[in-house]
Each structure stands twice: as C-alpha cells, then as structure tokens.
Amino acid sequence: MQLVMKTEKSFGAFALSTDFSASGERIGIFGVSGSGKSTLVSMLAGLVEPDCGEIILDGETLFSSSRGVNLRPERRRIAMVFQQHCLFPHLSVKSNLLYGFKRCPVQYRTIDFDALVTVLKLEELLTRGVTNLSGGEKQRVALGRAIMANPRLLLMDEPLSALDDNLRFQIIPYLKSVSEHFRIPYLFISHSLLEMRLMTDTSLVFEQGRMVAQTSSEELARSRMGQNQAGYINLLQLGRPSPVNGLSAYPWGDSRLLLSADSGRDNSLAELSSKEIILFKQHPEAISARNLLECRVKGLFSSGRKIGVELDCSGNGLIAEVVQDAVDELGITPGSTIYAAIKASAFRILPG
Amino acid sequence: MIPLASTDYDAIRLSLQVSVAATLLSLPFGFAFAYLITFVRFRGKVVLEVLVNLPLTLPPVVVGYFLLLLLGKHGWLGSLLNDAGIRIIFTLKAAVIASAVVGFPLLVRSLRIGMEGIDPQLLNASRTLGARWHDTMLTVILPLSLPGLIAGSSLMFARSLGEFGATIIVAGNIPGVTQTIPLAIYEYASSPASETMALSLCLVSVAISVTVLFIHEVTAKKLARRG
Chain A
2 MQLVMKTEKS FGAFALSTDF SASGERIGIF GVSGSGKSTL VSMLAGLVEP
52 DCGEIILDGE TLFSSSRGVN LRPERRRIAM VFQQHCLFPH LSVKSNLLYG
102 FKRCPVQYRT IDFDALVTVL KLEELLTRGV TNLSGGEKQR VALGRAIMAN
152 PRLLLMDEPL SALDDNLRFQ IIPYLKSVSE HFRIPYLFIS HSLLEMRLMT
202 DTSLVFEQGR MVAQTSSEEL ARSRMGQNQA GYINLLQLGR PSPVNGLSAY
252 PWGDSRLLLS ADSGRDNSLA ELSSKEIILF KQHPEAISAR NLLECRVKGL
302 FSSGRKIGVE LDCSGNGLIA EVVQDAVDEL GITPGSTIYA AIKASAFRIL
352 PG
Chain B
980 MIPLASTDYD AIRLSLQVSV AATLLSLPFG FAFAYLITFV RFRGKVVLEV
1030 LVNLPLTLPP VVVGYFLLLL LGKHGWLGSL LNDAGIRIIF TLKAAVIASA
1080 VVGFPLLVRS LRIGMEGIDP QLLNASRTLG ARWHDTMLTV ILPLSLPGLI
1130 AGSSLMFARS LGEFGATIIV AGNIPGVTQT IPLAIYEYAS SPASETMALS
1180 LCLVSVAISV TVLFIHEVTA KKLARRG
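Same order as they appear, the protein sequences are chains A and B. Converting from the first sequence to the working numbering requires adding 1 to each position, the first position being numbered 1. Converting from the second sequence to the working numbering requires adding 979 to each position, the first position being numbered 1.
Hints listed in this document are in silico derivations from the structure and should not be mistaken for laboratory results. All the given hints hold, so there is nothing to weed out.
Computed beta-carbon distance windows for the label pairs: (1) B:Phe1018 to A:Tyr109: 24 to 30 Å; (2) B:Gly1023 to A:Asp165: 45 to 51 Å; (3) B:Phe1021 to A:Arg266: 53 to 59 Å; (4) B:Phe1018 to A:Ala231: 40 to 46 Å; (5) B:Asp1098 to A:Asp165: 18 to 24 Å.
Below, simulated BS3-like cross-link-like pairs (lysine-lysine); rule was C-alpha separation at most 30 Å, straight line: (6) A:Lys344 to A:Lys299; (7) B:Lys1200 to A:Lys95; (8) A:Lys276 to A:Lys177; (9) B:Lys1201 to A:Lys103; (10) B:Lys1201 to A:Lys95.
Idealized CB from N, CA, C, for every residue including glycine.
With the hints as constraints, model all of the structure from the sequences given.
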C-alpha cells in the first residue's frame, strides 16, 4: 500500500497539516489526544473534506482540490474500525457482517464469509443481536464487518481504547491475524506505544496537528522512553512455566526467568518496564531480586534525560533505563559485560 | 348511556378516516423534514424549523383561516385546483389537510428526537461500508427512527382525532361528509337537550384515544427491548 497525503484542514483554532508519503502493510499513526489523528483518518475515509491538498492511495486520487476530485466515502473502499464498535443495533451479527459485503462491487468480493467467521471465532454469535454481546465480541464483529467489505485499506481508529486491558490483549491477535490472513493493509491509530509496536512496522508521529516524525515503531518507543512514565516496555516471549520454590520458572530463549505469576500457558507474552531493571558492574555477592542475568551491552541511546542500554542476555534482547551518571559510574560501553537484576514481581504476564 | 345515532357512527367513521389519512399523508413529509433538520447542514434551517413548528403555537382557527385563504375557491392554490376540477374546501380532503397541518409539528418533533438519538458514527460506518446516502437513510436511519416514528404517528393520530378549530373553518360541519367526533360533540353541546348524546360520543372518543395510546406504549416497549 502506498499512501500520499498532502492536506490542510482547519476547525476553528485547530489546524491539521499533513505532508507524507508512506508505504507498507502495517502503518501506524501515533499521537496524543488532540494531535489530529482522527481528523486525518476521517479525511482519508472521505468523511471529512480537507480544505485543500490531495490524497492518493495506490496511484488513485481520492481527493484533489486542484483537480476538483473528492471521491465519496462509499466509493473509496476504505473500511473503518471505530473506537466504539459502531455496530448496527437493529441488525443481527450476521447481517452486520454482511452489510458491507452486499454493497461491495462483485469483482472485489474475495473474502470468504465462513473463513472470516472461523478466524474471528464468531460461529456461535451469528444469529444473535449485537446489543447483548460483550465488549470484545462487539469489536470482533466490527472488525469482521470491516473486513467483509473487501476494502483495499483498513483504518483502525483506536479500536482498543474502549476496551479494558484484558480484552485489549485478547483482541490484538485477531486484529493482526485477520489482516494478515486476508492480506488487507491497515492504518492503525493509537496513542499507545505498546500497541504501536505490537501492531505496526512504521509510525507517523503527530503533534498538535503536524507530523513530527516518520519512523519505525520500535524506534518510536525507544525515543519516547525518557518521557514515558512507564519507560520502555520490554516484551518477552516466554514458554510454559514450572513451579520453583513458590515462584514460576519460565523458559526465555536459552535462559530462564523466575516470575511471581503463573500463566499456566505454553506460550505467553510478558511485559517488563525498562525502569525495573537494575544494572551492576560486577556480579553482586547476594541480592534479593530473583533474576540476575549476565548481559553484553549492545548499544546505548539517549531519550530525553535518560539513557537506554540495549542488552544482549544470552541471545535475548532487553532495554534498561539509567541516567548519564550511572552510565559513567558503571563504565557502560558497547561490548562491555554487565549484570541485570530483575525482581520476580516486576514482570506482567499479558492476558492471552 | 344512550345508544349512538347513525350520524354518530358517521362521525366516528369520518374521524378515523381523517386521522388515518392525515397520519399516513404526513409520514413521508415528516420523515423528510426531520431528516433535513437533523442531518443536513444548510442555510435557513432555523426558518424551516420555525415554519414546521408554527402550527403548534398558532390557534388552530388561525391555521384553518390561512388554509381557507390558500385553498379557497379564490385562493392561490385553490383557484388552480378549481380550474383542474378539484374542490378541497368543505370536503373530507379539507378535514384531512387541516388535521395533517395541525398535527405535523408533533410528528416531526418525535421523529427528530428519534433521529437525534442515532449515533452519527453509525452513519459514517455505513458510508465507509459502501452505502450511499439514500441507502444509509433507508437501512440505518429509518429502522433506528422507528420508535420516534411510532411515537409521532400515535401523537399525530390522537391530535387528528381531537382536531376542531382548523377543520370547522376549512371543512365545515356537514354531518356524514365532514362532521368528525369533535364537531358532532360541539353540535350536541350547543343544543341543551342533547347533553347525554354528547357524553356518549365523548366516551367513544376516550376509548379510541386510550386504545391508540395503549398500542403506542406496547409497541414502544417492544422496540426498546429489541434495541
């Protein structure tokens, strides 16, 4: 997918200016509330008309003020998943799913209904009304409805923000798998760095109506580490835990980690803040933290007033966060060996 | 209770005919006006809103008089219709028009309340899923406006049943032709000997109104449960 967007839009005192060209299948739009993300998405979908400029998607002009082109939303083939599910309350789950499909020109109908129902696990819900579904079920149906419209681009406008933490991580695999399975590129809008990393490869960063950066989602998370209250969130792929002295030992690549929580699953994803890692120059004699890892420093990067230390722990990557004084005292340089201490309670297993 | 006279049965039949016709006639216009006011941005919207609501605040007799000026033999529209061989004044058609005009604001108001309760994002969702505006109107707005439509229709029907002032001016009080229940009651009440006859018709009027309101409540509850 290739998107070129050069537009201007003003609402009273707020002005949004876009000037970018992005290509890829998993693009993110990142920004805090009020940065203009939703306006951008609405302009792309054709729901809001830019004051001037042009929008070109895969070579087709969707909007051009100079050439007088403004394709109506229903002709753009850009489906949306909204913050709130926006399901039609008077229709059943099945009718909701088929709403866009019935209106899609026959030549574009490639998505198989049964396959979609299977991927999203909606078999049991088809005949039900949508008002009594749970939050996660509603968002799955909304996602399915957008996919069934056979769009050439899927816009996800903070689709997880209305869900609680548990549901959010239950929905993410669906969001990823459904677009991968049916090969639909998407634009994912969020103010969460973690969601950006999980869902996108490239991020366009917006602040106060202007794009300030176009970077990889990983780079974005690193650059925001210093100003983010939670620091940088390390995501660790863990294996099946086994009980050890009141804790749970998880395989982590070639290493092992001790955690307080027991996921009970064969595979789980755990998050660990860069702030929770304490670095030692030498192996301490004794320590209360249950995880002490010998690591090699791969590199350093600065983010605000903090320094990120990129660690290689027996093949597994971690990012720790320290201040410049600590870097000097510990003599942290790329290639040096260092010890990382992490408490067993510092990890958080993400709901699966 | 004294049994009803044959003219009373005519009045009941005419009342029902006028109310049903006025309600059905107003529905498409009411829906269109409510849609315009709720979803379309245009200049002069306030003027349109004032005009739609005007019959609600004007005395019905004044509405009837304006209709007489418009539809009378020498009226702006009446003369044209007269040339085409269509007579409106002092016919059942005039009674239907009078009821429709007087009840119209109630229908539009109820429909508007219904439409304003629809999440605008549903309309956006519909458009991005490939529906054109008229498709969205028929498949999203209309079904979601049903509670408002039913409430408005019931109110309009009930208002039409009670319509008196405008009707007597444009349709007269002709038994068997334009005499509806209120007009018949008025005639009875004007003659001291017929007070009990008036009471019988009043009870019929109450019975019809209660039935309409009952159906309205039950339907509204069913729709609320479905929604």
